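Enquirer: Okay, here's what each chain looks like letter by letter:
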Amino acid sequence: MKQVPALKIDGITIGQSLAIIEYLEETRPTPRLLPQDPKKRAHVRMISHLLASGIQPLQNLSVLKQVGQENQLTWAQQAISSGFNALEQILQSTAGKYCVGDEVSMADLCLAPQVANADRFKVDLTPYPTISRINKSLLALEAFQVSHPCRQPDTPPELRA
Amino acid sequence: MQVGKPILYSYFRSSCSWRVRIALALKNMDYEMITINLTKDGGQQFSEEFRALNPMKQVPALKIDGITIGQSLAIIEYLEETRPTPRLLPQDPKKRAHVRMISHLLASGIQPLQNLSVLKQVGQENQLTWAQQAISSGFNALEQILQSTAGKYCVGDEVSMADLCLAPQVANADRFKVDLTPYPTISRINKSLLALEAFQVSHPCRQPDTPPELRA
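One line per chain: the protein sequences are A and B, in this order.
Using the UniProt record's numbering, the first residue of the first sequence is number 1, and each one after it goes up by one.
Using the UniProt record's numbering, the first residue of the second sequence is number 1, and each one after it goes up by one.
Here chain A stands alone, though its shape is the one from the complex:
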């Protein structure tokens, strides 16, 4: 697929972030990244997919290259706002402390990176108070901090935390 991430684990290589995360969940089940209840799991997956197929692919590097430099910002902003409009509404019925109830789930793992992209593309987040609140809570967690783009081995010096 010529894309990241890819995970080499247990003798296989898996591409596609959600496929990787679901594999980790099935083979290393604690702590949970998906709730036990099937209906809550459906909500977690719905939100994850909204982010991972409804928004991100439309503003990723290769698509932005294709739309051309002068159109990139508007294109990305449109993809993100459109998706966040829907997500903000969905969260009204699913969210507690996090995207679905009060436990961190796969949906939250998809949310924080997308909000970071929204910031990068200067999307106004005022219309999305629930998204903003959840994102703030997530960024306070250690797992979200150690994994942050500004703290990676390949983070350029000027972007390093």
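Hints in this document: simulated from the structure, not taken from any laboratory.
If you're wondering where the values come from, they're calculated on a predicted model, not measured in any experiment.
Ideal Cβ positions, reconstructed from N, Cα and C, are used throughout, including at glycine.
Do not rely on the hints blindly, as some may be mistaken.
Keeping only pairs whose Cα atoms sit at most 35 angstroms apart, straight-line, the calculated DSBU-like set for lysine-lysine is [claimed, not checked]:
| # | chain 1 | residue 1 | chain 2 | residue 2 |
| --- | --- | --- | --- | --- |
| 1 | B | Lys-5 | B | Lys-95 |
| 2 | B | Lys-40 | A | Lys-8 |
| 3 | B | Lys-94 | B | Lys-120 |
| 4 | A | Lys-2 | B | Lys-152 |
| 5 | A | Lys-136 | A | Lys-65 |
| 6 | A | Lys-40 | B | Lys-27 |
| 7 | A | Lys-65 | A | Lys-8 |
| 8 | B | Lys-94 | A | Lys-97 |
| 9 | A | Lys-65 | B | Lys-40 |
| 10 | B | Lys-63 | A | Lys-39 |
| 11 | A | Lys-39 | B | Lys-5 |
| 12 | B | Lys-27 | B | Lys-95 |
| 13 | A | Lys-8 | B | Lys-27 |
| 14 | B | Lys-94 | A | Lys-8 |
| 15 | A | Lys-97 | B | Lys-63 |
| 16 | B | Lys-95 | A | Lys-2 |
| 17 | B | Lys-5 | A | Lys-40 |
| 18 | B | Lys-191 | B | Lys-120 |
| 19 | A | Lys-39 | B | Lys-95 |
| 20 | B | Lys-177 | A | Lys-65 |
| 21 | A | Lys-40 | B | Lys-94 |
| 22 | A | Lys-40 | B | Lys-177 |
| 23 | A | Lys-136 | A | Lys-39 |
| 24 | A | Lys-2 | B | Lys-5 |
| 25 | B | Lys-63 | A | Lys-136 |
| 26 | B | Lys-94 | A | Lys-65 |
| 27 | A | Lys-8 | B | Lys-152 |
| 28 | B | Lys-27 | A | Lys-39 |
| 29 | B | Lys-152 | A | Lys-40 |
| 30 | B | Lys-40 | A | Lys-40 |
Some chain A residues well away from chain B (every beta-carbon gap over 12 angstroms; in silico) [said to hold, decoys possible]:
| # | residue |
| --- | --- |
| 31 | Arg-32 |
| 32 | Asp-102 |
| 33 | Phe-121 |
| 34 | Lys-122 |
| 35 | Ala-143 |
| 36 | Arg-160 |
Let chain A serve as the given structure and place chain B on it in line with the hints.
Expert: Then chain B, alone, in the frame of chain A:
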């Protein structure tokens, strides 16, 4: 709590809706269909009524067991967890990972880049090239992946969620005149899938909202 038959909001030509129609057929589930025309009246998915049901303003959406689920793969995984036979995902976690990897390649790597709203944005004169590029690019990767995962179907010899994503994407490829010669494994699997009853009853050419000129 018995709340009546599940209701599927579907458009005949929507590849994402077709995935769910196949799943419901394979699991022998009885359901009602409400068709949403994505092009008529400016797009019925934008109506207030539909937006309240599914804020994503997209099909498919499934009303089942007292909840409404959007996103075809979320729907299919819910069906799998609550109506586990026949299986749509293998038991082995590594094979499940392959099924999901292929499903996501199709459902987020290809389809969103050539769906109706994106094609509207790229403009009519660019649409065909744009769609062809998205599909070929994804199929190049998929054909390679299938070399190590495929048996009779995408992953081994049992129909899985990956196959539910494949057949509709091949139909889109045909629609956008993508040359399938470079993808013999994709073509072979697709041909086997289209011979199955669940893929036939759910086919875009046999839906309640299929226009007469496209009807089988």
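Enquirer: Now tell me if each hint is right for this structure.
Expert: Hint check:
{"no.": "1", "hint": "B:Lys-5 with B:Lys-95", "verdict": "holds (32 angstroms)"}
{"no.": "2", "hint": "B:Lys-40 with A:Lys-8", "verdict": "violated (47 angstroms)"}
{"no.": "3", "hint": "B:Lys-94 with B:Lys-120", "verdict": "violated (38 angstroms)"}
{"no.": "4", "hint": "A:Lys-2 with B:Lys-152", "verdict": "holds (26 angstroms)"}
{"no.": "5", "hint": "A:Lys-136 with A:Lys-65", "verdict": "holds (31 angstroms)"}
{"no.": "6", "hint": "A:Lys-40 with B:Lys-27", "verdict": "holds (21 angstroms)"}
{"no.": "7", "hint": "A:Lys-65 with A:Lys-8", "verdict": "holds (29 angstroms)"}
{"no.": "8", "hint": "B:Lys-94 with A:Lys-97", "verdict": "holds (32 angstroms)"}
{"no.": "9", "hint": "A:Lys-65 with B:Lys-40", "verdict": "holds (32 angstroms)"}
{"no.": "10", "hint": "B:Lys-63 with A:Lys-39", "verdict": "holds (12 angstroms)"}
{"no.": "11", "hint": "A:Lys-39 with B:Lys-5", "verdict": "holds (17 angstroms)"}
{"no.": "12", "hint": "B:Lys-27 with B:Lys-95", "verdict": "holds (20 angstroms)"}
{"no.": "13", "hint": "A:Lys-8 with B:Lys-27", "verdict": "holds (33 angstroms)"}
{"no.": "14", "hint": "B:Lys-94 with A:Lys-8", "verdict": "holds (12 angstroms)"}
{"no.": "15", "hint": "A:Lys-97 with B:Lys-63", "verdict": "holds (26 angstroms)"}
{"no.": "16", "hint": "B:Lys-95 with A:Lys-2", "verdict": "holds (21 angstroms)"}
{"no.": "17", "hint": "B:Lys-5 with A:Lys-40", "verdict": "holds (20 angstroms)"}
{"no.": "18", "hint": "B:Lys-191 with B:Lys-120", "verdict": "holds (31 angstroms)"}
{"no.": "19", "hint": "A:Lys-39 with B:Lys-95", "verdict": "holds (24 angstroms)"}
{"no.": "20", "hint": "B:Lys-177 with A:Lys-65", "verdict": "holds (24 angstroms)"}
{"no.": "21", "hint": "A:Lys-40 with B:Lys-94", "verdict": "holds (24 angstroms)"}
{"no.": "22", "hint": "A:Lys-40 with B:Lys-177", "verdict": "violated (40 angstroms)"}
{"no.": "23", "hint": "A:Lys-136 with A:Lys-39", "verdict": "holds (26 angstroms)"}
{"no.": "24", "hint": "A:Lys-2 with B:Lys-5", "verdict": "violated (43 angstroms)"}
{"no.": "25", "hint": "B:Lys-63 with A:Lys-136", "verdict": "holds (32 angstroms)"}
{"no.": "26", "hint": "B:Lys-94 with A:Lys-65", "verdict": "holds (34 angstroms)"}
{"no.": "27", "hint": "A:Lys-8 with B:Lys-152", "verdict": "holds (26 angstroms)"}
{"no.": "28", "hint": "B:Lys-27 with A:Lys-39", "verdict": "holds (18 angstroms)"}
{"no.": "29", "hint": "B:Lys-152 with A:Lys-40", "verdict": "holds (34 angstroms)"}
{"no.": "30", "hint": "B:Lys-40 with A:Lys-40", "verdict": "holds (34 angstroms)"}
{"no.": "31", "hint": "Arg-32", "verdict": "holds (15 angstroms)"}
{"no.": "32", "hint": "Asp-102", "verdict": "holds (19 angstroms)"}
{"no.": "33", "hint": "Phe-121", "verdict": "holds (16 angstroms)"}
{"no.": "34", "hint": "Lys-122", "verdict": "holds (19 angstroms)"}
{"no.": "35", "hint": "Ala-143", "verdict": "holds (22 angstroms)"}
{"no.": "36", "hint": "Arg-160", "verdict": "holds (30 angstroms)"}
Of the hints listed earlier, those the structure fails to meet are numbers 2, 3, 22, 24, in rising order.
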